[in-house]
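Student: Those protein sequences? They're chains A and B, same order as listed.
Residue 33 in our numbering is what sits at position 33 of the first sequence, and the numbering runs on without skipping anything.
Residue 1498 in our numbering is what sits at position 1498 of the second sequence, and the numbering runs on without skipping anything.
By construction, these hints were calculated from the structure, which means they are not laboratory data.
A couple of the hints might just be wrong.
Said to hold, decoys possible - Straight-line alpha carbon distances no greater than 27 Å define the calculated DSS-like cross-link-like pairs of lysine-lysine that follow:
1) B:K1209 to A:K229
2) B:K1087 to A:K46
3) A:K46 to B:K1202
4) A:K183 to B:K1087
5) B:K1202 to A:K51
6) A:K43 to B:K1209
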Amino acid sequence: MRSLLSAAVTAALAVVVFAGSAAADDWGTVKGRVTWGGKSAYKPEKIEVTKDQEHCLGKGDLFREEFVVGKNGGVKDVFVWLQDASDPTAKLPIHPSLKKPKTKEVVMDQPCCKFVPHAIALREGQVLIGKNSSPIAHNMHWLGGDDNPGDNKLIPAGGQIEITLNASRSPVEVKCDIHGWMKGWVRVFNHPYFALTDADGKFEIKNAPAGKYNIVMWQEGVGWVNGGKKGQPIEIPADKTVEVDEKLKPEDK
Amino acid sequence: MAATDKPYRNQYRLDVVFGASCVLLLLTTVWMLYDDHNRPFKPIQRKFRDVEDALYTQQMAEKFPQDRLDKIKAVWEEADKAREKVKKAKEEVATKVGGDADAWLKKQALEKARLEAQYQDTKATYDSEVSLYNILVDQRDNATEPGHKKKLDEAAQAKKKLIAELDKKLQDLQRQLTENERVTSDTLAEQKKAEDELAAIEDNLRKLTNDFDRTAKLSAQKSWKVGDWFRALPIIDGFASPYKIQQVTLNDLTIEYGSFKDVPRYDRCTTCHLAIDRGGFTPAALRRLDLEEKKDDSEQVKKEKKSRREALQERYKEAVKFVKERGDDRKEDLGFKVGDLASKVPSVRLSEAQVRMYSAHPRLGLFVDSNSPHPVEKFGCTTCHAGQGSATEFYFAAHTPDNTAQKKEWEKEHKWEPFHDWEFPMLPARFVESGCVKCHHQMTDLIRYGSQEEAPKLLRGYNLVRENGCFGCHEISGLKSGKAVGPDLRLEPWPALEQLTADERAKILADPGNPPGTMRKVGPSLRRISEKTNEVWARKWINSPRGFRPDTRMPHFYNLSTNNADVLPQDQKDYPATEISSIAHYLFEESQAYLTGTDRFRRFNEDRLKYLKPLEERGQLSDKQAKELIEVRRRLEIAVKPTPLALQIVDGDGKPVPEGDIPASSDKADDLKAGRQLFTERGCLACHSHAGTEKAGADLAAVAGEAHFGPNLSRLAEKVVVHLKGQKDPVASRRWLIQWVLNPNVSHPRTRMPIMHLKPAEAARVADWLLSQKVDDREFQEWNDKDVPAPTQEMLKNLARVYLKKAPAVNTLKVDEVLEKGFTDLKTEAPLMTDDADEQVLVNIKPGDLNDKLKYYIGKKAVGRMGCFACHDIPGYEYAKPIGTPLNDWGKKDPARLAFEDIVAFVKANYQTVPARDDPTDKAKPAKKWTEAVKDGKKPYEQFFFDALEGHMREGFLHQKIEDPRSYDYNRDMKWDDRLRMPQFRFAHPRRTDGEGDDEFKARTDQAEAEAREAVMTFILGLVAEPIHPRYLNNPPPDRLAEVKGRQVLEKFNCAGCHLVRPGVYEVRADQQTRELLKLSHDTVAKGLSTDYGDVKAPIDFAADNAWGAPPPADPDRLQMFGVRPGIRKPTPRQVEQLGIDPDRDLLRFRLADAAAFVDPARQVKVFPAGVNVGVFKDQVVSESRSFGGTFADLMVPYLAKKDLTKYKMEGEGDDRDSNTARRDLPPPLVREGERVQPEWLFTFLRNPTPIRPQVILRMPKFNMSDDDAKALVNYFGGADKLRNPGIGLTYPYLTVPQRDEFYWRERSADYVGRLEKAGELEARGKSYLEETQKRLEAAREAATAAKDDAKKEAEAQRDALEAEVKALKEAVDTKNAARLKKSLEEAQLYWSDGYRLLATTGKSICLDCHRVGAVKAKEEQGPPLELAFSRLRPDWTEHWMANPDRLLTYPTPMPQNFPRGQLLFQELMSGSSLEQVGAARDVLMNLPKVADMPVNRSYRAATSGGK
């Protein structure tokens, strides 16, 4: 009985939210940049490669990717997304052009003993392809909490596997146990309003619903970047662009 | 006198007397009947009828399927239609047969019966004729006379004809019968179909209303009816009363009435506890029966009752209407009269006492129920609970209240008072687990399902007794005149069995009626104490062990309530100090003597040998002396003279360490850090704790271990201080510690501390760090400043006098003289003194030695008096016997034989009684009054035990004996050596929490201690030493017994300190929402597991292994799951969104150790494989037993992650945070160890562990373990896994590896070639193999040319063989002759070489990324070398492991799934499906030496691994 009731309430709520979204005809853009705010300048850290050196170091040294900071201080691979200001589980209104994801598959390759790209933001429904284009064997070991239980599979040279993931608030961590230093990250969303910062630390979310929302950022080295898992409130103006700049402070970790 | 009819007595008077006596008789009869009507159990039973009535009626209302009425009505309609159909069909039948179907059917049946009878009849005739014919034929053939023969022949012919006729008739009848049946069934076909349909619908209907109908029927039966009222009336109920005594007769579970004969047990408890076996009668349900508001109810309660009553009545009305509709209108057969139902829901108000009386026994699955392991018919009640079972009244049954509140309640309600006339009053609820000991002698057999403790309090008590060494003084023998009577806890013999010769061991083990004890002494050996510490420290320690180490197990002997200086009489005031100094003196003197080979034991035996040997040589030995000589020689043989540490330190193997290998002492930061790191990482924290590691420092993370198996080492530096001539000797102190860390067996041969495989330099670093950890807190300083004052000679004499006066050989008149200068003239002073008397030390002493000799004498006496040797190995007490009362039958000790003395006065003077110990809302917190009592400065004392003490009950005595054992001396005028000797133990050692005040901490400590004390009492009260009929003893079957016994060894060596041994057990209520939650998780998991070998959708390959398969739950509403690493978390947004659950509701989440089945909302059975995480609602978890073991690994994971974040990265969030790489490098979980390893290997490994995994931070240490211990552990793992995972067909302690069979070898070879052919790969593989062989041939040719002498011949032979092989292959390939090619490849054993390629091709085989395969190196060694698998791993486990490693381990292993099901990988190395490849890998591993040695593999390895 109770479950019925709560289901009814949820349904009712959903209707209300949906009704709201149906009315949202105004859309704006969120833009911004995340820069390094550490006390000392960022220094890339070389990885000590313990096996398959010939191949792994064939394209140059490998560096730890916990932080990837560009020359002008931009931090790469910060996940940025929007979420309802009060209820993190509420559905966001979706722009008609974004109803469906553009591509079906997103590839994470292991060409030279690192995951390329190192971080991926996915929309639920897209399939993650774990690929190994290198001449040596790798495995892909992913763990993502209750929503994405994970598995650990071998990908022989030239092979690939398909991974279906669910939208989740927990990130999915990807690693290769054969080469212990290899790490990658995937986050899966059930809406299109997310982005990853580029090498300059820049990101852009287009066609976002106008109104008051929260912007959430997460980066593997520090975790939640600003305002914790709830994020920080922003107001998205209709047909305009709002800019959000953020400093990444590894000391806050 | 003439006869007269005048009566002898006056008739009238007689009539009056008669009349009066009649009236009297009538009155007494009435009185008797009336009294009988009111026998105490009768009102109880009458009331119970009300309870039943109310309960079932309420249930009926509750179960009324209100929400399904529509559905039911729809089914009714269906049923009506079906019935109509049946009716129609019947009518059709009737028309078909011409009107009356019944008559026709009867006719058909009659006809059938007639035919059958006729058939039987004819058949009988036929049989008899056939036999007559046979006789005739027989006679005819034997007849000699022709006429006769002919006659017989004719007769035979006639018979034959007759038989033929009969046969025809039989066939005819058979045909008629079949026809009859056909006609009947044809005619009824339609009707039958309609009837079947109807039955199915009715079945469906029954499912909808079943629950309701059952309760409705019960309600109708139990409602009071006129007949019931009548039969229950006074007087009437004297005849055929509905109320009677219920009783269980137990002829084998006798009661032992002292020396009388054992008498059968009659338990009448169920006379009043009427619902003891009825599941629905829970206390909550009984309390809910009360619907009427009463004056004393609170407003809230009144409101609740009102709403509940109204709702129920409303519902009930509907329900009755529903029943009436069915019974009256629809004419359903309900099994009861509708009129019997009550008009409204009755209300019954029960007192708490009544609720308890009428409620069912908890956990019916385990107790009372006839399907449980303890059915009431077999075990009765008093067997476990005690009390007088034959009584039918509360008082006489000897009920015992559990606490003060209950006592008050009973006094009010039952006029309760202690019942002294029954020897075994009922056990109060808090001690109810004591009853288990009677039949569960192993104690560990009370641990079910691996980690679920069925009697946690009792087990805790048992463990405390074991850990604190109570058995050292109090023998707890498991045998009484050869019969098993209880747990066996006795000291092992000295010397230990392992230190004896095989012959001597066999002798000791030969007597089954008196097997040797098995428990080691719990304290350290004191033989070498002088190398470890000093006399000053020892004095302070004896004076107050807990002052130095608050959580030590060593009890207090001094400064107790009745032997401190304040309360002792004037003449005894100095005794404690004198005695302490003397004990310390004795220990150190004997220790030094032991190290130089001059201890008293050795000297005495050497003296005897000197005396006896010449006699032997002269042949003058008496029998007694001959025996003594053997014994003396044996003793001297055992007493190996030790090498002092000053001269030599030995390593873990017992070899002397070169002095140069031990670095000099260092206090450099780096060295100290190294020491701390070794101490932290090498496993010390699995057993010890140390304050020094609890704070981060020296670049190392904090590790707050709470292990308490070994001593807390925080203040070790203050203890290990050796004195040389009164001065500190740091070098010697350090040497002792280094030796202890390197090989503790040197100083303490029976220690359970293992050898940790440290190098001497490492041991030195650990020692340096430990010795650098100074403490200077206030508590320690107080203790340290308080040395025991040195005794004067006068004091020594006074105390020595006490003993000398009692010494049997000493002349009491001369004692004072002896005390002045020792024994000078034995003839007058001690004429009878024996050679081994303690007094010998005072013989012929030098004048300056008197003080020391007196100290030695007093020390020796004191050690013996107080039984120090019960826990410590002390020279001079090699053969001493336990000094305490045996405890094996203490649980039934007659309280009249306990000396309560003035104890009540003592308790009144020293304690403050408090009604309850715990806060009723939170049992972990002390009650408010308890805390207040602590604040007042007096110790709190629970009223329950005070009452028990006042009432002279066992519980009271025992409680006080443990709390303050000496207190029974209170106000007694006692001589020193007559005083009580039992020391004061403290069992609980809680840690102060942050910000906890002194009083709060004290109150909590006292409460924890009270709890622990109760646990110990629970065990001791259970020791009743009653020989139980073997039928009742828990005699586990072999596998279970192996588990039970092995668990004891696990505990003995603290295996669980490092290893996770058993997963936790979780029982979960599976309500609708839980099922939905599980289904969602299952869907999520299923999505990711498409390549698993037991597909979550339908287990396929390894369904019999419980890592993949699980039977459907026995009770779909109650799930049992095995899991590890539980954590609490909130539902994920996805779960909230999809299931509409409260986002704040807690989920308990764990990783499944076994597959778990559940029933999903659509009633489908679904299975989670092992290794996935499952979350269930915390509030639906019915019972939770945490996993057993693994503390050290859990402690180390965050530590390692902090130390090396790159290598040991933490994954996950919150409770989940963990690092699987760290787990890989820590002691492995032993869940499935029995499945994993070969028993022989495990046995050898346990006795002498060798390294396995290359990267671990610590190695398995070498334990001081006997063969029997190792065997028990091997069997434990075998037995436990066999029980838990029957599908895998585990065998132990022996194992055959079928893969090593010659036949198997050939079969695989043939099979593989067949597989190649089937896949169309035969030709290609033949070609490539030919090429490979040709290459080998070339190499062989070269080798043959290069080789010389003997080797040449061999090389040539190889070359020739290869040439032949190449020739055959080439021909087969060239001619495309498949049969010949097959034969060649089969002979080449291609399966085995291809399998080897799969494992060991450099650059291609995936295995070599992480594992070494024999001589073929790994890229980077991350796992054990694979050749270990040959001797270590079981074949099945190996196969399953390679198929999907994640299923079999309790953490996500770094080893990937290398052969995902359904994917074709590595085909260039070996052809076949992934499962076939897994099988090949297993086969090769199980034969690795043989396979690696195949010529083809040798050369192939050389070719691919760079010539290694």
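Student: Are the hints correct? Go through all of them and say.
Tutor: Right, here's what the structure says about each hint:
Our distance criterion of 27 Å between C-alpha atoms is met by B:K1209 and A:K229, whose separation comes to about 22 Å. Between B:K1087 and A:K46 the alpha-carbon distance is near 37 Å, which puts this suggested pair outside the 27 Å criterion. Between A:K46 and B:K1202, the direct Cα distance comes to roughly 19 Å. Compliance with the 27 Å bound is thereby established for this hinted pair. At most 27 Å may separate the alpha-carbon atoms for a hinted pair to count; A:K183 and B:K1087 meet this at roughly 23 Å.
As the CA atoms of B:K1202 and A:K51 are separated by approximately 24 Å, the hinted pair is consistent with the 27 Å bound. Proximity of A:K43 to B:K1209 is assessed by CA-CA distance (about 20 Å); at most 27 Å being required, the pair is judged to hold.
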